[in-house]
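Enquirer: Here the structure of chain A is known, so what remains is to put chains B and C in place on it, guided by the hints.
These protein sequence lines map, in sequence, to chains A, B and C.
Residue 231 in our numbering sits at position 231 of the first sequence, and the numbers go up by one each step.
Residue 1158 in our numbering sits at position 158 of the second sequence, and the numbers go up by one each step.
Residue 2185 in our numbering sits at position 185 of the third sequence, and the numbers go up by one each step.
Just so you know, the hints here were simulated from the structure itself, not pulled from any lab data.
Predicted model, so just to flag it, every value in this text is computed and none were measured.
Mixed in with the good hints there might be a few duds.
Claimed, not checked - The following label-pair restraints were derived from C-beta to C-beta distances:
1. A:Met361 with C:Met2195: 51 to 57 Å
2. C:Arg2271 with B:Leu1283: 47 to 53 Å
3. C:Leu2136 with B:Val1279: 22 to 28 Å
4. B:Gly1117 with A:Pro32: 19 to 25 Å
5. C:Asp2170 with B:Lys1222: 23 to 29 Å
6. B:Gly1248 with C:Leu2136: 35 to 41 Å
7. C:Ala2176 with A:Ala193: 35 to 41 Å
8. A:Ser102 with C:Arg2272: 27 to 33 Å
9. B:Ile1114 with A:Ala76: 29 to 35 Å
To be verified - Rough simulated footprint, nothing fancy, chain B against chain C, three-plus residues with beta-carbon under 8 Å:
10. 2035-2047
11. 2101-2115
12. 2119-2126
13. 2145-2152
14. 2233-2244
15. 2250-2263
Unchecked claim - Taking beta-carbon pairs under 10 Å as the criterion, some of the chain B residues facing chain C (in silico):
16. Pro1125
17. Val1176
18. Ser1256
19. Ala1270
Glycine residues also receive a C-beta, built at the ideal position from the N, C-alpha and C atoms.
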Amino acid sequence: MDTAAEITPSPARTVTGHAGAIELAGVAKRFPNGALAVNGINLRIAGGSYCCLLGPSGCGKTTTLRMIAGHEEPTAGEILIDGSNVVGLSPRARGTAMMFQSYALFPHLSVRDNVAFSLRVRGTPRAERYREADQVIEQVQLTEFAARLPGQLSGGQQQRVALARALITRPRVLLLDEPLSALDEFLRLQMRAELREMQRRLGITFVHVTHTQLEAVAVADQVVVMAHGEVRQSSSARGIYAEPRSAYVAQFMGGQNVLRGTVESVAAGIATLRGPGGEGYAVRLGADKALAGQTVEFAVRRDRLSLASSSTVNSITGRVRAIEYQGTFVKMTLTRSGAPDFVAYVDEGAYFRAPVAVGTMASFGWELDEAHLLVSE
Amino acid sequence: MSASATLVAAVGRRRERSWSLSSLLLALPLAAVLVCFVVAPLISVVAVSVFRYDNFAVIPGFTLENYASVLSSRLTLSLYLTMIRLAAITWAVTLVLGFCVAYFLVFHVRSKLIAIGLFLACTVPFWTSNIIRMISWLPLLGRQGIINQALLTTGVIHQPLGFLLYSDFSVIVSYVHLFTIFMIVPIFNAMSRIDPALFEASRDAGASRWQTMRLVVLPLSKSGIVLGSVFVITLVMGDFYVVKVMSGGSLASVVSAMVDDISTLLFPHAAASAVILLVVLTLLVAGIMRLVDIRRELVAER
Amino acid sequence: MAIVSARGGRPWTFYVLAAIFVGYVAFLYGPMLCIYVLSFQGPQGGLTFPMRGAGLHWFNQLLSQGDTGDLIGAISRSLPLAVLVMAITVIVSFAAGMAFRARFPGSNWLFYLVVASLVAPGYVLGIGIGLMFQLLGWNTDWYTSALGAQLSWTLPFGLLIMFAVFGRYDRAYEEAARDLGAFPVQTLRLVVVPMLLPGVIAVALFGFTLSYDEFARTLQTVGSSNTVPIEIWSMTQNVTTPSIYALGTLTTALSFVVIGVSLGTIALIQRRRVGMKSL
Chain A
1 MDTAAEITPS PARTVTGHAG AIELAGVAKR FPNGALAVNG INLRIAGGSY CCLLGPSGCG
61 KTTTLRMIAG HEEPTAGEIL IDGSNVVGLS PRARGTAMMF QSYALFPHLS VRDNVAFSLR
121 VRGTPRAERY READQVIEQV QLTEFAARLP GQLSGGQQQR VALARALITR PRVLLLDEPL
181 SALDEFLRLQ MRAELREMQR RLGITFVHVT HTQLEAVAVA DQVVVMAHGE VRQSSSARGI
241 YAEPRSAYVA QFMGGQNVLR GTVESVAAGI ATLRGPGGEG YAVRLGADKA LAGQTVEFAV
301 RRDRLSLASS STVNSITGRV RAIEYQGTFV KMTLTRSGAP DFVAYVDEGA YFRAPVAVGT
361 MASFGWELDE AHLLVSE
Chain B
1001 MSASATLVAA VGRRRERSWS LSSLLLALPL AAVLVCFVVA PLISVVAVSV FRYDNFAVIP
1061 GFTLENYASV LSSRLTLSLY LTMIRLAAIT WAVTLVLGFC VAYFLVFHVR SKLIAIGLFL
1121 ACTVPFWTSN IIRMISWLPL LGRQGIINQA LLTTGVIHQP LGFLLYSDFS VIVSYVHLFT
1181 IFMIVPIFNA MSRIDPALFE ASRDAGASRW QTMRLVVLPL SKSGIVLGSV FVITLVMGDF
1241 YVVKVMSGGS LASVVSAMVD DISTLLFPHA AASAVILLVV LTLLVAGIMR LVDIRRELVA
1301 ER
Chain C
2001 MAIVSARGGR PWTFYVLAAI FVGYVAFLYG PMLCIYVLSF QGPQGGLTFP MRGAGLHWFN
2061 QLLSQGDTGD LIGAISRSLP LAVLVMAITV IVSFAAGMAF RARFPGSNWL FYLVVASLVA
2121 PGYVLGIGIG LMFQLLGWNT DWYTSALGAQ LSWTLPFGLL IMFAVFGRYD RAYEEAARDL
2181 GAFPVQTLRL VVVPMLLPGV IAVALFGFTL SYDEFARTLQ TVGSSNTVPI EIWSMTQNVT
2241 TPSIYALGTL TTALSFVVIG VSLGTIALIQ RRRVGMKSL
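Bound-form chain A, shown alone:
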């Protein structure tokens, strides 16, 4: 397993020179009960970018976020914000602000007092802090609710209050812990877009923890996939989806079929593989090397397949087990003996011109360049 090498250059979109660049160097966290939540991660997040930490629950993403926020201190490693080590500093001194999963709005304070809270503890006079709070409240379109208590607001409104409260101190870095998990599907999509828009407008760094793949690739410049306290891959949203580095990332992100085969020969940078069922595959090696006799894994995107006649190179034949209509495409699941299910996303129009019945046999093939070699872990 290779985590140290996963310092991916910042995505192309990011403007250099923005404040709020974050660097984690060998950061680890072991809790007093002995559990190792984060196992020495290295990560660089460009200033002014939108980064998503993505992974299943228990992968250490929230702990990582809380260490950046200063609510946990690492047991090893350094956390740098704009080049200076912030380990040991208070959240305020770090210039970070956090939006909590449950929002953690003070139930006894009005929206205005919640938003003005950090100014209040700084000793800002009432009139001034209310003026500033009202400005931020206006930005999140809650002006008419400023006098209400959090309990009198809907989930989406509460979330805006939490956002306003975090932003009033003009942080360099906004840390969002599963910010959309408490919302229903419709609001989730709406707030997702608003968060992205807010980040673009403010030009500060957003670090957003989520366990939803689509949410991550929809908003983020940089997606960091984590598992078991380690970074599995960090790259642009498109990169992580289209070019997963390992079988783990490919399977976790979805949208890919992971296949395996034994190398029979290598010629002109292309390896010829033989699958466990005798299928023939050809995969471009790129910079990787493969030796004859070695077993390698590769990924094929589910949406880059075409119906093929059986027994050509780079094709799969199986029995149709399920057909799910997905609106813009049709999801077909094939079962094969002795191998995992194979999934194909077939264009909706194409499918209904020539429907396939459940239980019949079908074959799918793909172009050489749609197969993508994976690193074994």
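Expert: Coordinates of chains B and C only, in the frame set by chain A:
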């Protein structure tokens, strides 16, 4: 409104009413007991407070002499002053102690199971006899008591301390001993409902620990503090046996004066005094309760 | 839940508050332990330390009625009274707890009545009940006037506990039972009561112990024959031997048995539920 919507609304209304009817029936036994053994007795007290009496009997009638006698007595004033002093000191001590204990249990004990265990350890004495717990201070506080013996042998003092027993001090020690639990439980309940994420949100906003305490924890514990204060103050104001035993007879309370009245069969006089005490306590409690909607805090409605 | 500094260590306030807590517990139990120890002195024993001899002398003294009036009789009244109060408290406060889940006409009045009976001075209520019985020409007795007086104290407590219990209870269980065709009584018997059993046991514990130790309200309502706390009270007025400690030890031991059984049962139920969940 469409016909079906009207129908749905009507059915909803009927269900609503059937719930409140069954609620009414379920609440009836409680209401009956409290009317018979709280409302009716208090009416009896008010009635007797305007009766006449002589050395042998209570004579039904109407007079305000009993009230005049109670209100004009210098003794009444001094009794109230004594009790207000004792109640104020006890309230302050139990508030600080109860707040600290509840805060420790809710926010500092990591295991929930251990927190419940320690909470029960605080509660168990409440389920044993108050009088026994009160007299258990006698072997400690007396002139030959453990505390004096210990201080004498260690040479801290050369004369036994007299103020430990049969004094304001021993009365207040007993009150704190008996009543702190009434402060701990409501504050513990209020604090248990505070989302621990609020501490981090407060820290994230740059608040110091003291600011978090003042701006977040205290306001959110207010309902518990109010409820606990009502308990402690009314318990002290209604006490007669602690003040009698632990002061060695040197102090008297409003109620212990009533006990003396009753023992000499001065029922109307005691009743008038009781009515005055009830009025005072009602005003006090109503004043404190204005600070918080107790019903909303206690009752979980759907 | 616990406050932990970002490094995972304990903040200094932890140690201060832990010290206060330990001090409070010592303050709570220390004196009680003293009288338990002192009650096991020999015949020369006095009211304070040092211990003079050891033995059960003062317990014998107590039971042979050398020092007291009618202790056995007092216990024979206190126990059935406590059981009676416990039973009524459980049933009435459970019903009222269910009632208070919805607003009903007069619910506010009833609530304030509950608060009033909780904060009214016990002795004043006792006088009131005594006077009421006198005006009605009835005799006060432990199973009539004292029973009512004690209920005015235990029912509010029972109701407060039921508020807490129902606050954490999801009504969907009842609706599910009704949905599956259960009649109201079946719903109650098969779903509500078993689910809330730990809370019900807690109410029973309060009902029993508060009655068994009740003093202020009982004093004027018990009639001619005493209950245990009043027996103790009269001993504090005229007994200056360790037999009063012996009585304290005896009655506290009984309370502890009741507390132990109740809490043990609750713990057993909870453990079995956790066990079921993990299956």
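Enquirer: Holds or violated: the hint that Ser1256 of chain B contacts chain C, with Cβ atoms closer than 10 Å.
Expert: 9 Å, holds
Enquirer: Determine whether the Cβ-Cβ distance between Asp2170 of chain C and Lys1222 of chain B falls within the hinted range of 23 to 29 Å.
Expert: 28 Å, holds
Enquirer: 22 to 28 Å was suggested as the range; check whether the CB atoms of Leu2136 of chain C and Val1279 of chain B agree with it.
Expert: 25 Å, holds
Enquirer: Given the range 27 to 33 Å, decide if the beta-carbon distance of Ser102 of chain A to Arg2272 of chain C lies inside it.
Expert: Since Ser102 of chain A and Arg2272 of chain C have Cβ atoms about 31 Å apart, the given range 27 to 33 Å holds.
Enquirer: Taking the beta carbons of Gly1248 of chain B and Leu2136 of chain C, is their distance inside 35 to 41 Å?
Expert: Since the Cβ atoms of Gly1248 of chain B and Leu2136 of chain C sit about 39 Å apart, the hinted range of 35 to 41 Å holds.
Enquirer: Please check whether the segment 2101-2115 of chain C has three or more residues whose CB lies within less than 8 Å of a CB on chain B.
Expert: Our answer is that it holds, as 13 residues pass the Cβ test (under 8 Å) against chain B, meeting three.
Enquirer: Assuming the hint says 35 to 41 Å, is it satisfied by the Cβ distance from Ala2176 of chain C to Ala193 of chain A or not?
Expert: Holds: the Cβ-Cβ distance is about 39 Å, inside 35 to 41 Å.
Enquirer: Count residues of the segment 2035-2047 of chain C with a Cβ under 8 Å from any Cβ of chain B, then say if the count reaches three.
Expert: Contact hint for the segment 2035-2047 of chain C vs chain B: holds, 3 residues under 8 Å.
Enquirer: Does the interface hint hold: is Pro1125 of chain B within less than 10 Å of chain C, judged Cβ to Cβ?
Expert: 5 Å, holds
Enquirer: For the segment 2145-2152 of chain C, do at least 3 residues have a Cβ located nearer than 8 Å to some Cβ of chain B?
Expert: Since three or more residues must qualify, the claim that chain B covers the segment 2145-2152 of chain C holds, with 4 doing so at under 8 Å.
Enquirer: Is the hint on Val1176 of chain B kept, meaning its closest Cβ partner in chain C is under 10 Å away?
Expert: With a minimum Cβ separation of about 8 Å from chain C (threshold 10 Å), the hint on Val1176 of chain B holds.
Enquirer: So is the segment 2233-2244 of chain C in contact with chain B by the C-beta rule, three or more residues under 8 Å, or is the coverage claim wrong?
Expert: holds (count 3)
In summary, the structure agrees with every hint in the numbered list given earlier.
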